[in-house]
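Knowing the structure of chain B, use the given hints to seat chain A on it.
Spelled out, the chains give:
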Amino acid sequence: MKVLDLVQDGSFKVLNEGNNLEREIRAPYCCDLLSVAMGRMPADSAWVTVMGNINTLAVATLADAACIILAEGSHLDDPALNKAKQQEITVFETELPIFEAAFIVYQKLHA
Amino acid sequence: MSNTIHMSYEVPANDFTRAGEASSSLKSSLKKMGVNPEIVRKVAIAMYEGEINMVIHATGGKIDVVISPEEIEMVLKDQGPGIADIELAMQAGYSTAPDNIRNLGFGAGMGLPNMKKYSDEFNIESTVGVGTTVTMKVKM
Numbered sequence: 002m003k004v005l006d007l008v009q010d011g012s013f014k015v016l017n018e019g020n021n022l023e024r025e026i027r028a029p030y031c032c033d034l035l036s037v038a039m040g041r042m043p044a045d046s047a048w049v050t051v052m053g054n055i056n057t058l059a060v061a062t063l064a065d066a067a068c069i070i071l072a073e074g075s076h077l078d079d080p081a082l083n084k085a086k087q088q089e090i091t092v093f094e095t096e097l098p099i100f101e102a103a104f105i106v107y108q109k110l111h112a
Numbered sequence: 534m535s536n537t538i539h540m541s542y543e544v545p546a547n548d549f550t551r552a553g554e555a556s557s558s559l560k561s562s563l564k565k566m567g568v569n570p571e572i573v574r575k576v577a578i579a580m581y582e583g584e585i586n587m588v589i590h591a592t593g594g595k596i597d598v599v600i601s602p603e604e605i606e607m608v609l610k611d612q613g614p615g616i617a618d619i620e621l622a623m624q625a626g627y628s629t630a631p632d633n634i635r636n637l638g639f640g641a642g643m644g645l646p647n648m649k650k651y652s653d654e655f656n657i658e659s660t661v662g663v664g665t666t667v668t669m670k671v672k673m
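Same order as they appear, the protein sequences are chains B and A. Using our numbering, the letters of the first sequence correspond one by one to residues 2 to 112. Using our numbering, the letters of the second sequence correspond one by one to residues 534 to 673.
Take the hints with a grain of salt, since some may be wrong.
[Unchecked claim] Label-pair ranges, simulated between beta-carbon atoms:
hint : chain 1 : residue 1 : chain 2 : residue 2 : range
1    : B       : 21        : A       : 663       : 35 to 45 Å
2    : A       : 564       : B       : 25        : 14 to 24 Å
3    : B       : 20        : A       : 602       : 27 to 37 Å
4    : B       : 11        : A       : 540       : 36 to 46 Å
5    : A       : 566       : B       : 87        : 21 to 31 Å
6    : A       : 614       : B       : 10        : 41 to 51 Å
7    : B       : 74        : A       : 668       : 40 to 50 Å
8    : B       : 10        : A       : 543       : 21 to 31 Å
[Said to hold, decoys possible] DSS-like cross-link-like pairs, simulated, lysine-lysine; straight-line CA separation at most 30 Å:
hint : chain 1 : residue 1 : chain 2 : residue 2
9    : A       : 575       : B       : 3
10   : B       : 86        : A       : 564
11   : A       : 565       : B       : 86
12   : B       : 3         : A       : 595
13   : A       : 575       : B       : 86
14   : A       : 575       : A       : 595
15   : B       : 3         : A       : 565
No lab work stands behind these hints: they were computed from the structure. Beta carbons are placed, not taken as given, at the ideal position from N, Cα and C, and that holds for glycine.
So that you can see chain B by itself, here it is in the shape it has in the complex (with noise of 0.2 Å):
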C-alpha cells in the first residue's frame, strides 16, 4: 500500500500532503516516546502517535517513517505544521485510538 492510497482512502483525515505518495508503507508502528520511536520504528512506517510537536516532524524525517498518523484528535502545533509543509511530510489526523488507527492500517496492508 502506498501513502497514496491511504490519503485516497478517506479513513484518515489528511493534514498535510507530502512529496512521497508513491512510497509504500511496510507496517503502522505505535509508540509516543520519541527516542524508542527513534530507535526501534522501522523505516517506512506508517507512525501513529499522539504527539504532535515539531520533535515529531523531526523523528518521522530521521528514521525514514512513511506517514505520521495523528491518533486520539490530537493535533500538530503550529511550528509542527508549518515544518510538515516545508519538510513535504504526509500527516494524517482522526479521532479513533491508537490501537484502532494502526489496526486499519495493518487490515490494508494484509487485505
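Okay, now just chain A, sitting in the frame of chain B:
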C-alpha cells in the same frame, strides 16, 4: 587522506524548534553523496539523539563530522554540566530529563543507548563541570 569531507554544525541552546537541523542537514548531504540508505539512517538517528541531548542537558554545542570512504565520524562536544556516572547514564531507561522535556516525548532514557546502538564505534568522555564529548563512527 585527501578524499575526506569535513562538516561542522553549531547546536543552539534551549531551542527545540531547531533541534534536528544539523542531523537533517547531514542526512540530506549523505543522501546526495549516494551513501547507502541504511547507513544514512544510522548516522541520522545517532546524531539526532546527540543533538537533542545537547539541547536538553547542555547549552548547545558543536558537532564535527568527517566523511571518508571508510566511515563517517561524528564528534559532539558540549560545555554542559558533564555526566557524573556514565555507566548509569548509558543504561536504557535512566533519564535526568525534566518534566517539560518529557511532555515533548523525550526523557525515555533511550538517547545514549540509541547512539551506541546505531554507531559502530562509540566513545564518551565527560568531566563534571567541564562538558561532554561523544565520538561516534559508522562504517560505510
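Results of checking the hints against the structure:
no.	hint	verdict
1	B:21 x A:663: 35 to 45 Å	43 Å, holds
2	A:564 x B:25: 14 to 24 Å	18 Å, holds
3	B:20 x A:602: 27 to 37 Å	31 Å, holds
4	B:11 x A:540: 36 to 46 Å	43 Å, holds
5	A:566 x B:87: 21 to 31 Å	23 Å, holds
6	A:614 x B:10: 41 to 51 Å	49 Å, holds
7	B:74 x A:668: 40 to 50 Å	43 Å, holds
8	B:10 x A:543: 21 to 31 Å	43 Å, violated
9	A:575 x B:3	24 Å, holds
10	B:86 x A:564	21 Å, holds
11	A:565 x B:86	22 Å, holds
12	B:3 x A:595	39 Å, violated
13	A:575 x B:86	25 Å, holds
14	A:575 x A:595	20 Å, holds
15	B:3 x A:565	24 Å, holds
Against the hints set out earlier in the document, violations occur for numbers 8 and 12.
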